[in-house]
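Participant: Residues per chain are reported as follows:
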Amino acid sequence: MEVSKLPISATQRGKLISAGYTSLSSICSASSSDISRGTQTAWDMLQEEQESLARITTSCADLDNILGGGIGCREVTEIGGVPGIGKTQLGIQLAVNVQIPVEFGGLGGKAIYIDTEGSFMVERALQIAEACVEDMLEYNRFLRNDCQVKTQPKDILENIFYFRICSYTEQSAVINYLDKFVSEHKDVKVVIIDSIAFHFRHGFVDLALRTRVLSGIALKLMNLAKKFSLAVVLLNQVTTKYTEGSFQLCLALGDSWSHCCTNRLILYWNSNERHAYIDKSPYLRSASASYSVTSRGIRNSTSRSKRIKMMI
Amino acid sequence: MGAPMTPQNLLDNPLTTEKCTVGCPIIDRCLGGGIPCNSITELVAESGSGKTQFCLQLTLSAQLPSSHGGLSASSLYLHTEFPFPMRRLHQLSHTFRPSNDHNPCDYIFVQSVHSVDQLLDIMPKIESFIKNSSNSRLPIRLIVIDSIAALFRSDFDNTMDDLKKRSFLFFKISGMLKAMAVGFGLAVLVTNQVVDLMEPNEGVNGLRVGNLGCLYSSGRPICPALGIAWANCVNSRLFLSRNEDFVVRENQMVNGGVGGSGSEDFVCRRTRRSLHVVFAPHLADTSCEFEITREGVFGVER
Numbered sequence: 001m002e003v004s005k006l007p008i009s010a011t012q013r014g015k016l017i018s019a020g021y022t023s024l025s026s027i028c029s030a031s032s033s034d035i036s037r038g039t040q041t042a043w044d045m046l047q048e049e050q051e052s053l054a055r056i057t058t059s060c061a062d063l064d065n066i067l068g069g070g071i072g073c074r075e076v077t078e079i080g081g082v083p084g085i086g087k088t089q090l091g092i093q094l095a096v097n098v099q100i101p102v103e104f105g106g107l108g109g110k111a112i113y114i115d116t117e118g119s120f121m122v123e124r125a126l127q128i129a130e131a132c133v134e135d136m137l138e139y140n141r142f143l144r145n146d147c148q149v150k151t152q153p154k155d156i157l158e159n160i161f162y163f164r165i166c167s168y169t170e171q172s173a174v175i176n177y178l179d180k181f182v183s184e185h186k187d188v189k190v191v192i193i194d195s196i197a198f199h200f201r202h203g204f205v206d207l208a209l210r211t212r213v214l215s216g217i218a219l220k221l222m223n224l225a226k227k228f229s230l231a232v233v234l235l236n237q238v239t240t241k242y243t244e245g246s247f248q249l250c251l252a253l254g255d256s257w258s259h260c261c262t263n264r265l266i267l268y269w270n271s272n273e274r275h276a277y278i279d280k281s282p283y284l285r286s287a288s289a290s291y292s293v294t295s296r297g298i299r300n301s302t303s304r305s306k307r308i309k310m311m312i
Numbered sequence: 313m314g315a316p317m318t319p320q321n322l323l324d325n326p327l328t329t330e331k332c333t334v335g336c337p338i339i340d341r342c343l344g345g346g347i348p349c350n351s352i353t354e355l356v357a358e359s360g361s362g363k364t365q366f367c368l369q370l371t372l373s374a375q376l377p378s379s380h381g382g383l384s385a386s387s388l389y390l391h392t393e394f395p396f397p398m399r400r401l402h403q404l405s406h407t408f409r410p411s412n413d414h415n416p417c418d419y420i421f422v423q424s425v426h427s428v429d430q431l432l433d434i435m436p437k438i439e440s441f442i443k444n445s446s447n448s449r450l451p452i453r454l455i456v457i458d459s460i461a462a463l464f465r466s467d468f469d470n471t472m473d474d475l476k477k478r479s480f481l482f483f484k485i486s487g488m489l490k491a492m493a494v495g496f497g498l499a500v501l502v503t504n505q506v507v508d509l510m511e512p513n514e515g516v517n518g519l520r521v522g523n524l525g526c527l528y529s530s531g532r533p534i535c536p537a538l539g540i541a542w543a544n545c546v547n548s549r550l551f552l553s554r555n556e557d558f559v560v561r562e563n564q565m566v567n568g569g570v571g572g573s574g575s576e577d578f579v580c581r582r583t584r585r586s587l588h589v590v591f592a593p594h595l596a597d598t599s600c601e602f603e604i605t606r607e608g609v610f611g612v613e614r
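Respectively, the protein sequence lines represent chains P and E.
So for the first sequence, our numbering puts the first residue at 1; every next one is plus one.
So for the second sequence, our numbering puts the first residue at 313; every next one is plus one.
Any given hint might turn out to be false.
Here are the computed lysine to any residue pairs in the SDA-like style, where the Cα-Cα straight-line distance is at most 20 Å [as the list claims (entries may be wrong)]:
(1) 476(E) - 242(P)
(2) 476(E) - 254(P)
(3) 220(P) - 317(E)
(4) 241(P) - 519(E)
(5) 476(E) - 207(P)
(6) 477(E) - 210(P)
(7) 484(E) - 203(P)
(8) 477(E) - 247(P)
(9) 476(E) - 240(P)
(10) 477(E) - 250(P)
(11) 154(P) - 321(E)
(12) 180(P) - 224(P)
Away from chain P, derived, C-beta distances all over 12 Å, residues of chain E [stated by the list, open to error]:
(13) 359
(14) 379
(15) 384
(16) 399
(17) 405
(18) 407
(19) 436
(20) 443
(21) 469
(22) 528
(23) 532
(24) 578
(25) 579
(26) 581
(27) 597
(28) 601
Label-pair restraints from in silico Cβ distances [unchecked claim]:
(29) 430(E) - 247(P): 46 to 52 Å
(30) 12(P) - 321(E): 55 to 61 Å
(31) 444(E) - 283(P): 56 to 62 Å
(32) 407(E) - 183(P): 57 to 63 Å
These aren't lab readings, by the way, just hints derived from the structure by calculation.
Note that the coordinates shown come from a computational prediction; the quantities given were computed from them, not determined experimentally.
Think of the CB as a built atom: it goes at the ideal place given N, C-alpha and C, for glycine as much as any other residue.
Starting from the given sequences, assemble the full structure and let the hints guide the process.
Facilitator: Okay, here's the thing in structure tokens:
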């Protein structure tokens with residue numbers, strides 16, 4: 001029997017015909033997998049995720065611990081904190097650590113560093129890269145003598161694709177360009193934007209428009225992360241919000257933006273030590289850890305007191 | 313797809329960011345070479361701590377050739393507090409005379425700014441002025457704004473709306489300065505004032521920003537003006553503190569020793585001045601002492 005003769009509404013008829021079902025027998029013989037084209041079972045998704053278990057270490061064991069091993073791929077992690085807490089330092093450390101070869105437990109990938117504020121200093125990146133190579137040589141000496149450390153600090157710098165962005169239009173342009181760039185450089189495994197907030201905190205009189213633009217950017221970055229199995233790290237600034245009669249510290253770019261990222265890590269000071277806590281994550285426990293910024297980069301804090309606190 | 317944008321190859325440029333010496337090797341060492349180019353450095357201090365001295369000296373040391381740590385550059389000095397200290401600049405120029413045939417003061421361009429609106433108005437003129445100077449003997453590569461706080465503190469009330477407008481302007485001005493810094497390879501030094509801290513470590517005012525838990529000057533806790541919003545706009549923050557020290561010199565002989573027990577303790581008052589790195593992407597938590605003499609600002613090894 002023809003679909004056009006079935007006792008159904010015109011819209012339903014139209015949809016069936018445009019989907020290619022012209023007779024009753026074709027509908028009956030359609031299997032459930034045909035109909036749910038484009039959907040995935042959770043099991044398939046888990047298999048996919050297991051493949052990309054690699055996480056980017058932060059070089060601080062405590063921080064890695066609360067992050068489930070490090071910064072994860074296929075997701076967007078937002079890291080925010082007051083000026084001077086170490087956001088850029090963490091960004092540079094990740095841009096270096098993503099390049100740690102697979103033999104040493106890393107991803108052996110390259111990094112894209114989008115600098116909107118001008119805090120990226122080459123000599124600091126070189127310092128961190130040199131310390132990373134030294135650590136690898138040390139690891140080699142103690143544990144595995146068969147792997148050669150072929151990476152040189154200058155190679156590490158060469159594998160960071162650095163974009164300096166001076167306006168919000170340039171920022172949007174580079175984010176739009178990322179898809180093409182990464183498909184030409186498939187070994188990029190992390191995209192760091194330092195900071196996502198700076199250019200959006202002026203130039204938008206219409207805040208609703210700003211929210212729309214930011215949501216669009218968040219979507220593009222999430223798709224980028226999933227498509228190429230890379231990690232996206234967004235560094236954010238802090239601002240004050242007047243709630244319940246007092247000024248509270250919160251991340252910039254507003255409430256809507258706070259929903260856009262997969263994970264959120266907040267960096268803060270606590271009695272002379274730098275701490276990080278998981279503010280939002282679909283799968284990580286709320287916990288805080290302390291870390292320090294040394295001449296070699298991000299490392300464990302040196303205090304002896306309990307370094308990781310779980311929040312029940 | 314987007315238009316192609318080429319990333320910079322980090323190895324194309326020198327592996328150290330270019331810096332401008334402040335005219336003293338001890339202070340330079342503390343700052344990793346001097347004031348860096350391509351970013352904004354903020355100098356925070358209460359009045360009378362030496363901010364302007366620092367700035368004036370920088371406009372002179374910028375003229376030194378790169379072999380001496382300078383930028384071989386002219387400077388643009390935007391001042392918001394009047395009058396411009398011309399006499400002191402003349403005095404300092406005798407110490408930092410790069411060559412005898414040119415008057416260093418010829419290479420310092422001074423412009424007074426009295427409001428935020430005026431500053432925004434003259435930005436395009438500043439940009440074209442800098443562009444035109446690139447062919448001259450000493451192109452402009454240093455901008456000093458002394459002080460940014462003075463521009464903002466009179467025009468804005470303490471209401472939510474005004475504070476939001478003020479924040480908006482911070483990011484706008486900082487964005488423009490950074491774009492120029494990157495475009496022309498400029499070093500930008502901005503000075504800021506301080507406010508008293510009523511309750512240290514409480515509320516947002518007592519929020520710790522940077523290496524020092526609390527900033528002290530003249531023996532009391534203070535914090536930089538313009539709040540967290542402005543702190544987000546600068547790349548590096550340096551703090552100049554001044555404190556009165558009382559030094560006891562014991563057992564000095566008085567009156568030539570006549571009378572036997574003629575020894576007294578003298579108490580001397582001395583101003584101790586220090587420079588601290590509050591935060592900087594390339595510097596550890598360092599500080600050094602300095603003094604201000606007729607010849608200029610110089611670090612002191614203790």
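Participant: Each hint: holds or not?
Facilitator: Taking the hints in turn, this is what the structure says about them:
Restraint check: the Cα-Cα separation between residue 476(E) and residue 242(P) comes to about 12 Å, which is no more than 20 Å; the hinted pair holds. Distance check on the hinted pair: residue 476(E) and residue 254(P) sit about 13 Å apart at the alpha-carbon level, within 20 Å; holds. With a C-alpha separation of about 17 Å, the suggested pair residue 220(P) and residue 317(E) falls inside the 20 Å cut-off, and the hint holds. A threshold of 20 Å between alpha carbons decides the hint, and for residue 241(P) with residue 519(E) the separation of about 14 Å falls inside it, so the pair holds.
Distance check on the hinted pair: residue 476(E) and residue 207(P) sit about 13 Å apart at the alpha-carbon level, within 20 Å; holds. In summary, the hint linking residue 477(E) to residue 210(P) is supported, as the alpha carbons are separated by about 16 Å, within the 20 Å threshold. In summary, the hint linking residue 484(E) to residue 203(P) is supported, as the alpha carbons are separated by about 7 Å, within the 20 Å threshold. Among the hinted pairs, residue 477(E) with residue 247(P) is consistent with the structure: their alpha-carbon atoms are about 17 Å apart, no more than 20 Å.
At roughly 11 Å between alpha-carbon atoms, residue 476(E) and residue 240(P) fall within 20 Å of each other, so this suggested pair holds. Between residue 477(E) and residue 250(P) the CA atoms are separated by roughly 19 Å; this keeps the pair inside 20 Å, and the hint holds. A threshold of 20 Å between alpha carbons decides the hint, and for residue 154(P) with residue 321(E) the separation of about 11 Å falls inside it, so the pair holds. In summary, the hint linking residue 180(P) to residue 224(P) is supported, as the alpha carbons are separated by about 10 Å, within the 20 Å threshold.
The Cβ of residue 359(E) sits about 24 Å from the closest Cβ of chain P, beyond the 12 Å cut-off, so the non-interface label holds. Annotated as non-interface, residue 379(E) keeps its C-beta farther than 12 Å from every C-beta of chain P; the closest such distance is 19 Å. For residue 384(E), the requirement that its beta carbon stay farther than 12 Å from each beta carbon of chain P is met, with the minimum near 21 Å. The Cβ of residue 399(E) lies farther than 12 Å from every Cβ of chain P, with a closest approach of about 35 Å, so its non-interface assignment holds.
Even its closest Cβ contact with chain P, about 31 Å, leaves residue 405(E) beyond 12 Å, as expected for a residue assigned away from the interface. Even its closest Cβ contact with chain P, about 29 Å, leaves residue 407(E) beyond 12 Å, as expected for a residue assigned away from the interface. Distance check on residue 436(E): its Cβ is at least 15 Å (rounded) from any Cβ of chain P, clearing the 12 Å threshold; non-interface status holds. The claim that residue 443(E) lies off the interface holds: its Cβ sits roughly 16 Å from the closest Cβ of chain P, which is beyond the 12 Å cut-off.
The claim that residue 469(E) is not at the interface with chain P holds, since no C-beta of that chain comes within 12 Å of its own (minimum 16 Å). Even its closest Cβ contact with chain P, about 16 Å, leaves residue 528(E) beyond 12 Å, as expected for a residue assigned away from the interface. The claim that residue 532(E) is not at the interface with chain P holds, since no C-beta of that chain comes within 12 Å of its own (minimum 21 Å). For residue 578(E), the non-interface assignment is confirmed: its Cβ lies about 38 Å from the closest Cβ of chain P, beyond the 12 Å cut-off.
Against chain P, the non-interface label of residue 579(E) holds: every CB pair exceeds 12 Å, the least being about 34 Å. With a least beta-carbon separation of about 31 Å from chain P, residue 581(E) lies farther than 12 Å from that chain, consistent with its non-interface assignment. Its beta-carbon lying about 9 Å from the closest one in chain P, residue 597(E) breaks the requirement of being farther than 12 Å from that chain. For residue 601(E), the shortest C-beta to C-beta distance to chain P comes to about 22 Å, beyond the 12 Å cut-off, and the non-interface label holds.
In this structure, residue 430(E) and residue 247(P) break the distance hint of 46 to 52 Å, their C-beta atoms being roughly 31 Å apart. Restraint check, residue 12(P) to residue 321(E): a C-beta distance of roughly 58 Å satisfies the suggested window 55 to 61 Å. One distance hint, 56 to 62 Å for the beta-carbon pair residue 444(E) and residue 283(P), holds here, with the actual separation near 57 Å. Distance hint for residue 407(E) and residue 183(P): a CB-CB separation of about 58 Å, consistent with the stated range 57 to 63 Å.
Of the numbered hints stated above, those contradicted by the structure are hints 27 and 29, listed in ascending order.
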